[in-house]
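**Q** Take the given structure of chain A and dock chain B to it, following the hints.
Quick note, the sequences are listed as chains A and B, same order.
Basically the numbering used here = 1-based index in the first sequence + 24.
Basically the numbering used here = 1-based index in the second sequence + 336.
Where hints are given, some of them may not hold.
Interface residues of chain B toward chain A, partial, derived using beta-carbon atoms under 7 Å [what the hints assert, rightly or not]:
(1) V402
(2) E410
(3) G421
(4) R560
(5) R563
(6) A564
(7) S626
(8) R969
(9) V971
(10) W983
(11) P988
Derived Cβ-Cβ restraints for the label pairs, each shown as a range [to be verified]:
(12) A:T266 / B:K880: 54 to 60 Å
(13) A:P194 / B:K888: 41 to 47 Å
(14) B:W383 / A:P194: 26 to 32 Å
(15) B:P659 / A:I165: 55 to 61 Å
(16) B:W383 / A:T114: 34 to 40 Å
(17) B:R382 / A:T114: 34 to 40 Å
(18) A:A71 / B:R382: 25 to 31 Å
(19) A:P124 / B:T498: 46 to 52 Å
(20) A:I165 / B:A489: 37 to 43 Å
(21) B:K888 / A:P124: 50 to 56 Å
Beyond 12 Å from chain B on every Cβ pair, some chain A residues (computed) [unchecked claim]:
(22) R75
(23) D142
(24) I165
(25) M176
(26) A178
(27) P180
(28) V212
(29) A230
(30) E235
(31) P236
(32) T238
(33) D239
(34) P265
(35) E268
(36) R271
(37) E284
Keep in mind that the hints were calculated from the coordinates and are not lab data.
Ideal Cβ placement from N, Cα and C applies to all residues, glycine included.
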Amino acid sequence: MKRDPFDDDVRDSRRKLLAGLAASAAGAMVGCARGVAAPSAPLVHAADGHRRQWGLVIDLDRCARCAGCVVACQQENNVAPAGPRVAARTRPIHWMDFLPPALGSFAATPIPCMHCQDPPCVKVCPVGATYQTDEGITAQIWDRCIGCRYCMVACPYARRYFNWSEPGWPGEDPSSLNPDVAPRPRGVVEKCTLCHHRIRAALERARLDEEPLTDEALRRLPACAQSCPTQAITFGDLAEPTSEVARLAASPRAMRLLPEAGTRPKVIYLREST
Amino acid sequence: MSRFGRRELLGGAALAGVAALGCRPGKDRYRIDKPPLPGSRPGEERWVLSTCALCDAGCGIKVRVVEGRAVKIEGNPDHPVNRGGLCSRGQAALQALYNSQRVHSPLRRLGDRGDGSWKLISWDEAIGEIVTKLAELRADGHPERLVLIDGQAGTFTHELWTRFLSAFGSPNHIGMGSARAAGVKLASLYSTGSYGLPAHDLARARVVLALGAEQIESSGQTMRFMRAAREPDRPRVICVSPRRPSCRCDEWIPIAPGTYGALALSLAHVLVRDGLIDRDFVRDFVSGFSVGRDRAGVEQPGFEALVRTGYAPEQTQEVTGLPAATAERLAHELAQQRPVVVAGDGSATAASNGLATGMAIAALNALLGNSDEGGVAGLREFAVPKWQAPIVDAVAAAGSAAPRIDGAGTAACPLGRGRVQAVPAAITQSSPYPVEALFLHGTDPLAALPGRKAWHTALQRVPFLVRFASWLDDSAREADLVLPESLPLEVLDVVQSTADSGEPMLSLRQPVVAPLSGTRQAGDVIVALAAALGGSVGRSLPWKNYADAVAKSLSAETLADMKEKGGQWNEAKTDMPRPKFEIGSQAIASRMAGFPETAKVAQAWPCKGLPPWEPPRFSGNLQRFPLQLVPYRPVQFVEDSGPFLSWLGELPLVSGNPWPLRAEINPADAAQLGVADGDQVLVQSSIGTCPAIAQVSDGVCVGAVAMALGPGGVADLVVSDEDRWSGVLAWQGTRVSVKKTS
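This is chain A alone, in the form it adopts within the complex (with noise of 0.2 Å):
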């Protein structure tokens, strides 16, 4: 098989798991290894074992730069809008937004956050409020944070947003809220959770229908990726080898952001030529 420059620690950390399989996990293991869905099977876990590690992979090259990203994003996880007075002082919340052409050398660079696997703004939380999970997302806790924003000076991709005031919808009865995700209040800091919620749904019903949960099931699960005309993001599981994310990450055009920052993202842009 082809070697992923890209996947070694996700590889590592699979190995180092498969060899430490004993104790705790190993009877959630069997229960899977046998089609059963124990109740209680920690949900990280593929089917053969290994810790799942969630990534999108990004195709310049098919990217029209339509935006349709940005708002499924914003729908899908309540962020609500700036407003003129906001927006021209700072900026306005786009957990998925886009490059300004200037900054990108490419045509156009939809930009999430980067769930690095080494993620600076985790160091530096004083109070713990942002983590990695297990499933390789780094996520925040709302409720914990305390709005020092020293996490936004780490981020070297300026992938979080502070909340200078409480998320309102002027003009706009707030029924179309998603009831599966609460607005953020004013003084956190929030970001993007790679649609943390849609990835438990579906793998909850996955286990309720005893079904396994395939690859192509999860390619277009997180909003941005569902509602792309192009298909040009695909989500998926970088530690499996024969996800279509793991594949496309293998390519030659393959590249990251800002590899000399070491943070070692899990999105994955291909570029636009080879």
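**A** What follows is chain B alone, placed relative to chain A:
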């Protein structure tokens, strides 16, 4: 509270208003655990299939409804138009649905027009008032004095309006086509015999030459085809337009506004000169190419002679601003890379030479033999609902025989199907007859069309103005009666989607959520009006409501199937009839011959049945207004949107602050004017001004200023000019000046 002042009173009123809308004020306003709406169980969640209404493409959508509330719009993965993807505009429909400014009761005007004081009336009263007026018109024998401006096309509701008006007796069902893509549709009609956007087989084309950027940047469908694979599995997309499209293409070639026709003819010149045309196709399927004889035996020069003598790239480069070498390269690329598509859009034909431009583009496709796989795939025809013919009594027959007020079908517009921009003058001058009642449905002409002052005067003149509206927009403020219309996510309708396979297909729009209380869909109102009018009109629309009318046209199985799938289409691609091209159109020739004054002009045309291409006409003095205005519809543009949709308004497509309107200007022009990026400027045309922020960018051609249509007021700058023959509105025909203000 020691004192109960004005502020408290207003605050209290606002709170009461919010409470009346059914949501709690204050911090709890954005709680996500709301009680289920009546009629839904706690925790109930479903996905409802429907059809997007934010543009004419008709993408399939599925909407997540939780406890009776719509919370997310996604694309329908099975729908042939979009296959699961959805652009930002389509998703923003949700924001419009839950806008708190929606009108939720019929309103009758109190006081003067535009005063903004209204009386809430019941639907029965509203229908009663309209019917009294309409019955009066029929009793006087002047049903033609009812005019409908209908912004919707390609739906069964549109067909129902047509039916209502023919039974009632008015020819004045005026669409917005001339302000949209009528130039392309008419060119398709006259060259291939079918009125509609040509279906392009983008999935199989190797090169797409997009003349006009609109088709690239504001259609999710074209995006999917153009970028859904990597080269060489997808077409190479070359966009020619004055402004670089905000969506991606492989190559952008700037061109002077309104000169696409000259480019198409120069490409044809190179193809003919170098022997690159598809000879077999031209021989078998194209008429009017070479010299021929008409019925009287007189020799007629063909298209070949026309393009050979003029239109060499060296000659046209002065006009188009596109170097001759580029045109040569383009022509050779098109000839070598077949199958290819040359696609013009509404912005390419929105000039005083609109139809000639559309015909030149069609002729170029004919020479390349683009009528098969990977080319112009077929002809889109609307599947007309299967209703019995309406009953037309003597009054209706006489009324329908009257000329249309916009001059369609007369010498004023011999080749067009309508010119909505002519309506204000017709109303103000009572020519050819006075307009007694005007219905506005699906469009706000004050905001969507140029000539705001003329429209304003005209609307003041109409004795009875009815606006079907979801918001109190500009034209609703002028109306006598405002009828609150349900939004597309709340109604049942059948929509003609424009699938690029060319297959006729229907999509279903079904109620995703219950309509906002007090609103009704236009279809139901039409049926109610007909029932209240009675007589032959009532018998022509004999249904209980609109859903009944739809059910009478489609079988129960079909409807059930459509509810299941989201529409009706044929997955297996059948062989579409290979279109034949008429470069010199018989239809144009005979239509022009129908009027004495136009017959003479048509006789002088070098190619019979082909309007000669002329450089575009621009309004505004060249010295005072040196720059050409390029208004464009960005992906954020929603016609008839009503409120500002912040999801679209805050899109990060342009760097920095997304809110204010921008005037994009070439660095060369900016240097000459002393304008720097980010400066506040005033853009001025001969009829209006519009403040904007300058954006100096090499994405716009020299001599042009590109500005986005929408809430910024760019339409106020545009002078209402049109194509003499087709009545196509010349959106791209205004000169402006740009001055720094800070």
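**Q** Looking at A178 (chain A) again, its CB stays over 12 Å from all of chain B?
**A** Non-interface label stands for A178 (chain A): nearest chain B Cβ at 22 Å, farther than 12 Å.
**Q** Are all beta-carbon distances from V212 (chain A) to chain B longer than 12 Å?
**A** Given that every Cβ of chain B is farther than 12 Å from that of V212 (chain A), nearest at about 14 Å, it holds.
**Q** Identify whether the interface hint at R969 (chain B) stands, where standing means a beta carbon of chain A within less than 7 Å of its own.
**A** 14 Å, violated
**Q** According to the definition I'm using, a residue is off the interface if its beta carbon is farther than 12 Å from all beta carbons of the partner; does E284 (chain A) meet that for chain B?
**A** At roughly 24 Å from the nearest Cβ of chain B, E284 (chain A) sits farther out than 12 Å, so the non-interface label holds.
**Q** Honestly, do P194 (chain A) and K888 (chain B) meet the 41 to 47 Å range at C-beta?
**A** 44 Å, holds
**Q** Verify the interface restraint on V971 (chain B): the C-beta must sit less than 7 Å from at least one C-beta of chain A.
**A** Holds. Min distance 6 Å.
**Q** Is it true that the C-beta distance of W383 (chain B) to P194 (chain A) lies inside 26 to 32 Å, as the hint says?
**A** 29 Å, holds
**Q** Would the least Cβ to Cβ distance between D142 (chain A) and chain B come out above 12 Å?
**A** 27 Å, holds
**Q** With a cut-off of 7 Å on the beta carbons, see whether P988 (chain B) makes it to chain A.
**A** Holds: closest Cβ of chain A sits about 5 Å from P988 (chain B), inside 7 Å.
**Q** Just double-check P265 (chain A) for me: nearest Cβ-Cβ distance to chain B has to come out over 12 Å.
**A** 22 Å, holds
**Q** E410 (chain B) was flagged as interface toward chain A. Is the shortest Cβ-Cβ separation under 7 Å?
**A** 6 Å, holds
**Q** Just checking, E268 (chain A) versus chain B, shortest CB gap more than 12 Å?
**A** 15 Å, holds
Hints 7, 8, 20, counting from the list given before, are not met by this structure.
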